[in-house]
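Put together the whole structure using the sequences plus the hints.
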Amino acid sequence: MRTSEPRGRSIRLMALICGGVFVMIAIALIAGHTAGPNIAYVRSNDLIAKYAGTIESHQVAQKEQQKWRANLDTLHGDYRRAVNLYNETYAGLSAPERKDREDNLSRQKEQVTSYAQEVERLAAEEDEKLMQGVLSQINTFIAAYGKEHGYDMIFGTTAAGSLLYAEDGYDITDDVLKSLNTHYKTSDATPPAKQ
Amino acid sequence: MRHLLQNSRWKSLAFTFCCAVIFSCCDNTRTVKEYEAWINEPEQGLRKSRDIDGLEITLKYIPSELLVYKELQQEESKAPISKDSLRLQYKNSLTFLMTFTASDTSHQGRDVMMRDVASQQDLVGRMMTMNFDLGEMLSLSTPAGTIRPVLTHLEGSYGMRRERQMVLAFTDMIEGKRVLDADTIDIAFIDKVFDTGIHHFMFETSDLRSASELFPSDSIK
Chain A
1 MRTSEPRGRS IRLMALICGG VFVMIAIALI AGHTAGPNIA YVRSNDLIAK
51 YAGTIESHQV AQKEQQKWRA NLDTLHGDYR RAVNLYNETY AGLSAPERKD
101 REDNLSRQKE QVTSYAQEVE RLAAEEDEKL MQGVLSQINT FIAAYGKEHG
151 YDMIFGTTAA GSLLYAEDGY DITDDVLKSL NTHYKTSDAT PPAKQ
Chain S
1 MRHLLQNSRW KSLAFTFCCA VIFSCCDNTR TVKEYEAWIN EPEQGLRKSR
51 DIDGLEITLK YIPSELLVYK ELQQEESKAP ISKDSLRLQY KNSLTFLMTF
101 TASDTSHQGR DVMMRDVASQ QDLVGRMMTM NFDLGEMLSL STPAGTIRPV
151 LTHLEGSYGM RRERQMVLAF TDMIEGKRVL DADTIDIAFI DKVFDTGIHH
201 FMFETSDLRS ASELFPSDSI K
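Chain order of the listed sequences is A and S. Oh and the first sequence: position 59 is 59 in my numbering, straight run, nothing missing. Oh and the second sequence: position 218 is 218 in my numbering, straight run, nothing missing.
Because the hints were derived from the structure by calculation, they are not lab data. Among these hints, one or two may not hold up.
[To be verified] Pairwise CB distance ranges, derived in the manner of DEER restraints:
#, chain 1, residue 1, chain 2, residue 2, range
1, A, Val23, S, Arg30, 52 to 60 Å
2, S, Asn131, A, Glu120, 25 to 33 Å
3, A, Gln62, S, Glu163, 27 to 35 Å
4, S, Asp133, A, Gln62, 19 to 27 Å
5, A, Ser10, S, Ser206, 50 to 58 Å
[Stated by the list, open to error] Selected chain S positions facing chain A (in silico; Cβ < 10 Å):
#, residue
6, Ile39
7, Asn40
8, Glu43
9, Arg50
10, Ile52
11, Asp53
12, Gln165
13, Asp191
14, Lys192
15, Asp195
16, Gly197
17, Ile198
[To be verified] Here are the simulated SDA-like pairs of lysine to any residue, each with C-alpha atoms no more than 25 Å apart in a straight line:
#, chain 1, residue 1, chain 2, residue 2
18, S, Lys192, A, Gln66
19, A, Lys185, S, Ser210
20, A, Lys129, S, Gly125
21, A, Lys99, S, Ser49
22, A, Lys63, S, Gly145
23, A, Lys185, S, Thr146
24, A, Lys185, S, Ala188
25, S, Lys192, A, Ala123
26, S, Lys177, A, Asn71
27, A, Lys185, S, Gly125
28, A, Lys178, A, Leu122
29, A, Lys129, S, Ser49
30, S, Lys192, A, Asn71
No experiment lies behind these values; they were computed from the predicted model shown. Backbone N, C-alpha and C fix where the C-beta goes; we use that ideal spot for every residue, glycine too.
In structure tokens, the structure reads:
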């Protein structure tokens, strides 16, 4: 008779604990359903500008464009020298010689202009291609980051105003940028998991 | 006396069993096939990959011992070739296998070469770039400096496969310093083939060194 009282007490205690756990699980499930989607946003322009991939892409593009611009400078130099020589010898030239030299100078100038236009076109094309790659990298990373961190949606703010207002707490730009830059240099296949 | 004899027999059996268990646990010998599977394990640090917008770019280190083994296998039916001369040939280089795979199969034709291709001219241009210009898009850097690959070779240009593979070979010296003496090496790829930006593949040189040490050397006859 003496032993049955503590046993009954422990059964009651167990039932109480189980009941508590059940209630907590139910609350968590209801809260999960009613909490709504997990949303955040990033400042797109800041993210793109401060991404290590963007900075390096600009450096690579500039290096390449320097080579083309050096060629252009050489062509400009040749043309200026030819014009100076023509001016210096102008008085001693006959009319047909002057015409011949002027035609040559005109052709040379056309070549310089067309090369300059080609350089501008190639530079713009190169920039566009590299930026396309940068944006692909950022978009792929954010999709993986969102999945890894349990976000339902990640918005990107732009100057055009796709997102007009959100509390600062929803801004994850700094965290995303930090992970993105780490990922860029470490070549891990997926973004780091949530701490 | 009989009991003692029986007891000692049991002891020797138990000892043999323990030895067998210990040796089987410590045995590092593996077949070349197992070794190749081991290289592909992500935790070994010999294979690095990037997945950008449905395109997977993988860079895998191929130890020179494995290259020698493969070449000997191929050469078996042809004229005999000395394994020592092959070892010498591969000794002073670092070889990597670069693979482009269409991880997103929704892309046109599923073949990675057809990814975002608008015309036949685009496709021909891509083939030309991969065959002749890839070396200019790649570099290997250590604190000692930066080098370009001495060899790039596109494999299976006309194969009906989803992926394309490139063999890249770098010299093992930069400015008189051994590449494997650095702690890490950074292989950068400026992708002008699929326009997916710049990619860095960082390798720990300790991983590369251990890969060579763990090659089942007795498989090279």
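Right, here's what the structure says about each hint:
At about 54 Å, the beta-carbon gap between Val23 of chain A and Arg30 of chain S stays in the expected band of 52 to 60 Å. Checked against the given bound of 25 to 33 Å, the beta carbons of Asn131 of chain S and Glu120 of chain A, roughly 29 Å apart, stay inside it. Taking 27 to 35 Å as the suggested C-beta distance range, the pair Gln62 of chain A and Glu163 of chain S conforms, at roughly 33 Å. The hinted range of 19 to 27 Å is satisfied by Asp133 of chain S and Gln62 of chain A, whose Cβ atoms lie roughly 20 Å apart.
The hinted window of 50 to 58 Å between Ser10 of chain A and Ser206 of chain S holds, with their beta carbons roughly 57 Å apart. Contact between Ile39 of chain S and chain A, as hinted, is not supported at the beta carbon level, the nearest pair being about 16 Å apart and thus beyond 10 Å. About 13 Å separates the beta-carbon of Asn40 of chain S from the nearest beta-carbon of chain A, more than 10 Å, and the hint is not met. The restraint placing Glu43 of chain S at the interface with chain A is violated, with a minimum CB-CB distance near 12 Å, outside the 10 Å limit.
The beta carbon of Arg50 of chain S comes within 7 Å of a beta carbon in chain A, closer than 10 Å, and the hint placing it at the interface holds. Proximity of Ile52 of chain S to chain A holds as hinted, the smallest CB-CB distance being about 5 Å (cut-off 10 Å). At about 4 Å, the closest approach between the beta carbon of Asp53 of chain S and any beta carbon in chain A falls short of 10 Å, and the interface hint on this residue holds. Because the beta carbon of Gln165 of chain S sits about 18 Å from the nearest beta carbon in chain A, more than 10 Å, this interface hint is broken.
This hint holds: Asp191 of chain S has a C-beta 6 Å from the nearest C-beta of chain A, less than the 10 Å allowed. Taking 10 Å as the C-beta contact cut-off toward chain A, the hint placing Lys192 of chain S at the interface holds, the least distance being around 7 Å. Nearest Cβ of chain A to the Cβ of Asp195 of chain S: about 5 Å, under the 10 Å cut. The hint holds. With its C-beta approaching chain A no nearer than about 3 Å, Gly197 of chain S sits inside the 10 Å limit, and its interface hint holds.
Below 10 Å, beta-carbon pairs count as interface contacts, and Ile198 of chain S has one with chain A at about 5 Å; its hint therefore holds. Of the pairs offered as hints, the one joining Lys192 of chain S and Gln66 of chain A holds, with about 18 Å between alpha carbons and a cut-off of 25 Å not exceeded. For the hint linking Lys185 of chain A to Ser210 of chain S, the alpha-carbon distance of about 23 Å falls within 25 Å, and the restraint holds. Of the pairs offered as hints, the one joining Lys129 of chain A and Gly125 of chain S holds, with about 15 Å between alpha carbons and a cut-off of 25 Å not exceeded.
Straight-line distance between C-alpha atoms of Lys99 of chain A and Ser49 of chain S comes to about 64 Å, which puts the hinted pair past the 25 Å bound. Between Lys63 of chain A and Gly145 of chain S the alpha-carbon distance is near 18 Å, which keeps this suggested pair within the 25 Å criterion. Proximity of Lys185 of chain A to Thr146 of chain S is assessed by CA-CA distance (about 16 Å); at most 25 Å being required, the pair is judged to hold. A threshold of 25 Å between alpha carbons decides the hint, and for Lys185 of chain A with Ala188 of chain S the separation of about 10 Å falls inside it, so the pair holds.
Of the supplied pair hints, the one linking Lys192 of chain S and Ala123 of chain A holds, its CA atoms being roughly 14 Å apart against a limit of 25 Å. A distance of roughly 35 Å separates the Cα atoms of Lys177 of chain S and Asn71 of chain A; the hinted pair therefore is violated under the 25 Å criterion. Proposed proximity of Lys185 of chain A and Gly125 of chain S is contradicted: the alpha carbons are some 30 Å apart, above 25 Å. Proposed proximity of Lys178 of chain A and Leu122 of chain A is contradicted: the alpha carbons are some 33 Å apart, above 25 Å.
Taking the CA atoms of Lys129 of chain A and Ser49 of chain S, the gap is near 22 Å; set against the 25 Å cutoff, the hint holds. Taken as a hint, the Lys192 of chain S and Asn71 of chain A pair is honoured in the structure, with Cα atoms around 22 Å apart against an allowance of 25 Å.
The structure is inconsistent with the numbered hints 6, 7, 8, 12, 21, 26, 27, 28, although it conforms to all the rest.
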